[in-house]
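Asker: Between the sequences and the hints, there should be enough to build the whole structure, so can you do that?
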Amino acid sequence: MNIGRRHTAKAFPWRRSLWIASLLTPALVVMVLFVLWPLLSAFRLAFYEFNGLQPTGFVGFENFRKVLFETPYSDWTYNALKHNIIAFVALMVFENGTAFLLAYALLKALPGHRIHQVIVFLPVVLSAVIVGFLWKLFLHPLFGLVNQTLALVGIGAIPWLGNESTALGSILFANIWHWLGFPTLVLLAGMQRVSKEVIEAARLDGAGDYVLMTRIIWPLIAPSVTIVTILTFIGSFNWFEIPYVMAGLTGSPGGATDVLGLYFYRTAFGSTTTGIQDFGQGSALAVMMFIIVAGVTAIALRYLRRREIEL
Amino acid sequence: MSTTAGSRDRGELLKNGAIQLMLALNAVIMIYPLFVMVISSFKTNAEIFSSPFAMPSSFSLTNAERVWTETNFVRYLANSVGITTVAVALILLFSTMAAYAIARYRFRLSALVLMFFLSGMTVPLKLAIIPLFIQLDTLGLVDSYAGLVLVYVAMGIPSAVFIMTGFLRTLPRELEESARMDGASEFRIMRSIMLPLARPALVIVAIQNAVPIWNDFFFPLVLITSDNLKTLPQGLTVFVGEFTTDWGVLFTGLTLAALPITLVYIVLSKQFISGITQGAVK
Numbered sequence: 001m002n003i004g005r006r007h008t009a010k011a012f013p014w015r016r017s018l019w020i021a022s023l024l025t026p027a028l029v030v031m032v033l034f035v036l037w038p039l040l041s042a043f044r045l046a047f048y049e050f051n052g053l054q055p056t057g058f059v060g061f062e063n064f065r066k067v068l069f070e071t072p073y074s075d076w077t078y079n080a081l082k083h084n085i086i087a088f089v090a091l092m093v094f095e096n097g098t099a100f101l102l103a104y105a106l107l108k109a110l111p112g113h114r115i116h117q118v119i120v121f122l123p124v125v126l127s128a129v130i131v132g133f134l135w136k137l138f139l140h141p142l143f144g145l146v147n148q149t150l151a152l153v154g155i156g157a158i159p160w161l162g163n164e165s166t167a168l169g170s171i172l173f174a175n176i177w178h179w180l181g182f183p184t185l186v187l188l189a190g191m192q193r194v195s196k197e198v199i200e201a202a203r204l205d206g207a208g209d210y211v212l213m214t215r216i217i218w219p220l221i222a223p224s225v226t227i228v229t230i231l232t233f234i235g236s237f238n239w240f241e242i243p244y245v246m247a248g249l250t251g252s253p254g255g256a257t258d259v260l261g262l263y264f265y266r267t268a269f270g271s272t273t274t275g276i277q278d279f280g281q282g283s284a285l286a287v288m289m290f291i292i293v294a295g296v297t298a299i300a301l302r303y304l305r306r307r308e309i310e311l
Numbered sequence: 001m002s003t004t005a006g007s008r009d010r011g012e013l014l015k016n017g018a019i020q021l022m023l024a025l026n027a028v029i030m031i032y033p034l035f036v037m038v039i040s041s042f043k044t045n046a047e048i049f050s051s052p053f054a055m056p057s058s059f060s061l062t063n064a065e066r067v068w069t070e071t072n073f074v075r076y077l078a079n080s081v082g083i084t085t086v087a088v089a090l091i092l093l094f095s096t097m098a099a100y101a102i103a104r105y106r107f108r109l110s111a112l113v114l115m116f117f118l119s120g121m122t123v124p125l126k127l128a129i130i131p132l133f134i135q136l137d138t139l140g141l142v143d144s145y146a147g148l149v150l151v152y153v154a155m156g157i158p159s160a161v162f163i164m165t166g167f168l169r170t171l172p173r174e175l176e177e178s179a180r181m182d183g184a185s186e187f188r189i190m191r192s193i194m195l196p197l198a199r200p201a202l203v204i205v206a207i208q209n210a211v212p213i214w215n216d217f218f219f220p221l222v223l224i225t226s227d228n229l230k231t232l233p234q235g236l237t238v239f240v241g242e243f244t245t246d247w248g249v250l251f252t253g254l255t256l257a258a259l260p261i262t263l264v265y266i267v268l269s270k271q272f273i274s275g276i277t278q279g280a281v282k
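Residue numbers (the UniProt record's numbering), protein chains in the order written: chain A, 1 to 311; chain B, 1 to 282.
To be clear, the hints were calculated from the coordinates, so they are not data collected in a lab.
Hints are supplied without guarantee of correctness; some may be wrong.
Derived list of chain B stretches under chain A, where covered just means 3 residues or more per stretch with a C-beta under 8 Å from a C-beta of chain A [claimed, not checked]:
1. 11-19
2. 42-52
3. 114-126
4. 155-164
5. 238-252
6. 261-268
We treat Cβ as the ideally placed atom computed from N, Cα and C, and that holds for glycine.
Answerer: Below you can see the structure in the form of structure tokens.
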């Protein structure tokens with residue numbers, strides 16, 4: 001069976017090795033230069049002081065101390081962190097909750113369900129920049145579509161993005177509109193894997209929709225729920241584009257929409273107003289964000305996986 | 001008996017009606033904003049402000065003409081097309097080569113190499129942007145097409161290697177063995193026998209990478225400063241800054257920016273959905 005291969009391998013072992021090596025080299029070089037090396041450096045640079053692009057000296061945990069315990073940096077850090085946490089909770093409830101209902105509705109495979117799948121996924125393929133600007137225009141206090149619509153039923157002009165109490169919610173709404181299709185179709189795929197017999201058997205036992213949804217489908221789609229939860233968490237903590245486009249680099253108004261991604265970018269690459277750039281503190285923030293995301297993901301994966309097994 | 005069955009049918013009908021209503025409502029929420037964006041692109045400012053819900057008085061292309069001639073829009077569009085095409089082509093090339101070596105040959109370290117690629121899937125490269133920026137600066141690649149493309153290639157390789165390795169492993173051994181007996185070179189076996197069979201996986205990998213690269217804003221924001229090198233999403237921010245008060249032109253810019261990917265999506269919606277949700281759906 002293997003004669004041919006053994007023959008070439010034995011006759012020209014160096015040729016075979018060279019062939020394999022040349023297949024692997026381009027991908028490995030790119031990965032080492034632009035993933036492995038930057039990632040390892042990211043941890044190292046967090047312990048250095050910087051002058052422009054150049055690390056000038058080892059400062060231990062100084063950068064971490066500043067962003068965590070020294071005002072005003074620490075205030076900015078916790079203010080941003082708070083908004084990331086709010087975003088995660090809001091997206092879990094409103095985005096994934098809606099997605100679950102939509103997925104269940106699509107599972108019925110009523111006439112037109114395919115078109116509905118294509119429609120709900122359409123915004124997902126658009127750039128966050130387009131979505132952000134579009135909703136920024138629609139949320140304009142005077143001429144925006146939202147307030148023009150509300151005016152028809154007599155509700156006065158609300159400055160959605162200008163008001164501290166509504167700004168974050170408005171941006172989250174745009175984000176949900178953008179991404180809703182993703183969890184919907186992931187959960188739908190999970191539901192479609194629940195065997196038809198199980199559902200039929202439950203129906204014959206007299207289970208209604210509510211019981212079917214809560215007792216049969218919900219537990220059986222646990223793997224999909226795990227994935228959606230983790231991706232939502234990662235997305236909430238790396239959130240950047242839509243806040244940047246809709247609320248600007250400083251998370252206006254007055255930091256009401258500031259998130260860690262914006263704060264990190266401002267620290268590392270300079271805000272438009274102050275122009276201050278600090279790679280040391282920026283690296284410390286990046287390392288902390290990395291630890292939050294990797295740590296919570298690992299713990300959540302363990303906990304959620306255990307839940308899957310118990311069921 | 002028949003009455004209970006009848007009432008159950010009626011109940012089912014009512015429930016299905018409610019479901020259809022919910023789906024229809026959702027479709028309106030998804031589509032109507034995009035519809036308004038498109039019709040507004042034909043309107044003048046006065047029309048948008050005074051009659052936001054009405055159809056445009058004429059389908060004039062004045063706004064589109066202004067976007068075309070007064071801004072760098074065409075340049076941004078061309079940059080995005082070029083960068084996405086080259087990056088995706090390199091991802092396909094490099095990942096398929098590496099995956100082919102891992103999947104079709106037995107050699108020492110092969111498991112380790114695969115592990116190395118797979119661990120790259122978990123790395124959020126955005127968080128390593130500072131050292132990445134310094135690295136590209138050292139190589140003289142900041143503010144260049146090449147720098148941006150290389151970052152995208154590095155980001156795309158891990159999951160592409162994962163998908164391609166999985167796929168190439170499923171191809172039967174007999175095919176290459178018989179070609180080898182016939183004296184075909186290893187390159188010829190790969191190029192003419194194995195790779196044509198891998199086309200479905202290549203399509204998935206291409207879409208999975210093309211969409212986020214096409215839409216990306218973060219990396220150009222950090223790495224590109226010359227206006228002539230800017231990508232479409234990045235260029236939109238410049239454009240919006242210039243035309244803040246001219247909503248007709250703004251809506252036209254957004255419409256034109258959304259148009260290419262929307263058209264491709266409508267044609268290839270199935271592949272798009274499976275490409276983008278790949279990884280979350282097993």
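Asker: A separate judgement is required for each hint: does it hold in the structure or not?
Answerer: Hints, verified against the model:
1. 11-19: holds (count 3)
2. 42-52: holds (count 3)
3. 114-126: The restraint on the stretch 114-126 of chain B holds, since 8 of its residues have a Cβ under 8 Å from chain A and three suffice.
4. 155-164: holds (count 4)
5. 238-252: Coverage by chain A holds for the stretch 238-252 of chain B (4 residues, Cβ < 8 Å).
6. 261-268: With 4 residues close enough to chain A, the hint holds.
In summary, this structure violates none of the numbered hints.
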